[in-house]
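Based on the hints, put chain C in the right spot on chain P.
Here is how the chains run, residue by residue.
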Amino acid sequence: MWWNISCYVFGIISVVGPICLIFWYGAEAKRRIADLNKK
Amino acid sequence: MTETVVTLHILDWIVVVLYIAFMLGVGFYFSKRKQGFDDYFMAGRNLTAPLLVGTLVSTFYGLDTLFGTSEVGFLEGISAFFAYSLPYTLLYIIMAILAPKFKAAFPAGTTMQDISFQKYGKTAGVVSSVAAFLYSTNTMEMMGIGFLLRLITGMPFWLGTLIGAIIVLVYTWTGGLWAVTMTDFIQFIVMMISVGMGLIIGWTAIGGFENIWEGLVAYVGSTEDAGYFFSIGAGYLTPWTLVAYSITALAVLTEPAFFQRMFAAAGPKEIKKAFAAGVPMWLAFDWCVSFIGIVAAAAVGLGIIPEIAPNEALFAVLGQYLPTGLLGLFVAGVLACAMSTADSYFLVSGGVLGYDLYKGVIKPQATGDECERMTKIGMLISAALSLILSFVFERIMGVWVFQATIIICTCLIPVYFGVFSKKAPKKIAGTLAAIVGLALSVLWYAATLIFGYMDEDIGTYIIAVGEMELWQEYGILYIVPIVLVIYLIANAVGKETMKQEAA
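If you read the protein sequences in the order shown, they are chains P and C.
Heads up, the first sequence is in my numbering, so the first residue is 99 and it goes up one at a time.
Heads up, the second sequence is in my numbering, so the first residue is 315 and it goes up one at a time.
Isolated chain P, as found in the complex (with noise of 0.2 Å):
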């Protein structure tokens, strides 16, 4: 039982954390054009 369920926990942490990084990464990058706009 629990090995099932952290054998889907840790897969599903290796699928949904890279797609949370690219949001990361847009969220940061329009920080930086933003920040390079008022400067």
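The hints are simulated quantities; they were obtained by calculation from the structure and are not laboratory data.
Treat the hints with care, since some could be wrong.
Partial pick of chain P residues on the chain C-facing surface, computed with a CB cut under 8 Å [unchecked claim]:
1) Trp101
2) Cys105
3) Tyr106
4) Phe108
5) Ser112
6) Val113
7) Gly115
8) Pro116
9) Leu119
10) Trp122
11) Glu126
12) Ala132
Positions of the beta carbon are idealized from the N, C-alpha and C atoms, including for glycine.
The following block gives chain C in isolation, referenced to the frame of chain P:
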């Protein structure tokens, strides 16, 4: 041509070819927009946290992790994760704490060897550079790509390694660290998603834990032996095997590619956030790969896949379960694992020649263009050396032990004492420590090959002294304390520091 372990559909091949073309395109794009050596080698010192996560995780996880951990999972069960991967995780957490301090202490630093040059002078810097160059040769990844292409195409090993070296070299050569970081970011996404989906689909398709257990009992012959697969701790591994696996994890603390990324970060906070966000990614990747190995062992027991070599477990089981297209993505993910590590090390080893040795020793007034040219020559030399060594070494793990021993023994003590000592360290301390560390690690490795014997079960060279068995991996345990004592004595009796020399 040899027999292939998995057969790819045309759609899978399209995914793989598109992936490779995309990597080359990224390299070409960044070759057009780079401005000067700092932009080429340090990505303008402007890397943000999400890009750093991608490049840190994907660089340190190569094919040795992918095939090695799944192999241990196939043979030993979850000890692959608890015994092999967790020591690394602990050191990533330590790096999350230390990396911002390095960045703050050396805001204009470029390489780890820079620290030796600045704190102890040229001799220590050159010796550290030699160690970093040897560590950064891509032998493991070249062997891995050759092995992978043999598995999926049946092509000869030498041809696979040559093709891999050319592809990676082309985009690293043209685009520098920007290209490496952006391709690493994409490669990180591909490799993480492919192993995550591989585990979810494989685990579900085989029928979850109940069927896995049944398969393992059939595979090993008894419930007691099957129980080792899920015993948290060492499983079949003896405490000494555990020590041997864990020691080389210290290389995390002296990883030249990590130092290059730290110094290329936009600030100390960025690198701290990157290491902190990277830890769950490293953990998830390790868990998925370990359990895919277990799924493969169960699949053999259930007769779903035929008996296979342990290092073919990953491919055999995912070749069985992944649908067309996703299998191509997985192959691209495996290639991504290898390429993301290989490109970083090509650049790091090129930088040793172009920056550390050429600008640091031979021609301090060298222009950025000259450094870039020498870095590219360094990459070519490193690629040639990697290819030659990939035919010399028989075992992938053998290469890793050699490289980890060299970098840990040569750089750990001088670099950390150099940065974190309150008083300015003495030149002689770092110089002697680096020389002795490098010399002893090479001598130890040679001694194990000459006087030791190969234990096929454990997969390492061992020197027997009476009842004692000295494994090749244990060199780090003897040499680092010797280097530490030499450093402390020399620092106590030495007189000259770099500050005095500058004054």
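Do the hints match the structure? See the list:
For tryptophan 101 of chain P, the interface hint holds, the least distance from its beta-carbon to any beta-carbon of chain C being 5 Å, beneath 8 Å. A cut of 8 Å between beta carbons decides the hint on cysteine 105 of chain P: the least distance to chain C is about 5 Å, and the hint holds. Because the smallest distance between the Cβ of tyrosine 106 of chain P and any Cβ of chain C comes to about 6 Å, under 8 Å, the interface hint for this residue holds. For the restraint placing phenylalanine 108 of chain P at the interface with chain C, the shortest Cβ-Cβ distance is roughly 4 Å, inside the 8 Å limit, so the hint holds.
Annotation: serine 112 of chain P was flagged as interfacial toward chain C, and the flag holds, the nearest CB pair being 3 Å apart, inside 8 Å. Using the Cβ-Cβ criterion of 8 Å, the hint placing valine 113 of chain P at the interface with chain C is satisfied: the shortest such distance is roughly 4 Å. A least Cβ separation of about 5 Å between glycine 115 of chain P and chain C falls short of the 8 Å threshold, and the interface hint therefore holds. At about 4 Å, the closest approach between the beta carbon of proline 116 of chain P and any beta carbon in chain C falls short of 8 Å, and the interface hint on this residue holds.
The interface hint given for leucine 119 of chain P is met, as the beta carbon of that residue sits about 5 Å from the closest beta carbon of chain C, less than 8 Å. For the restraint placing tryptophan 122 of chain P at the interface with chain C, the shortest Cβ-Cβ distance is roughly 4 Å, inside the 8 Å limit, so the hint holds. Residue-level restraint check for glutamate 126 of chain P holds (minimum Cβ-Cβ distance to chain C is 5 Å; threshold 8 Å). Residue-level restraint check for alanine 132 of chain P is violated (minimum Cβ-Cβ distance to chain C is 14 Å; threshold 8 Å).
Consistency with the previously given hints fails for number 12 only.
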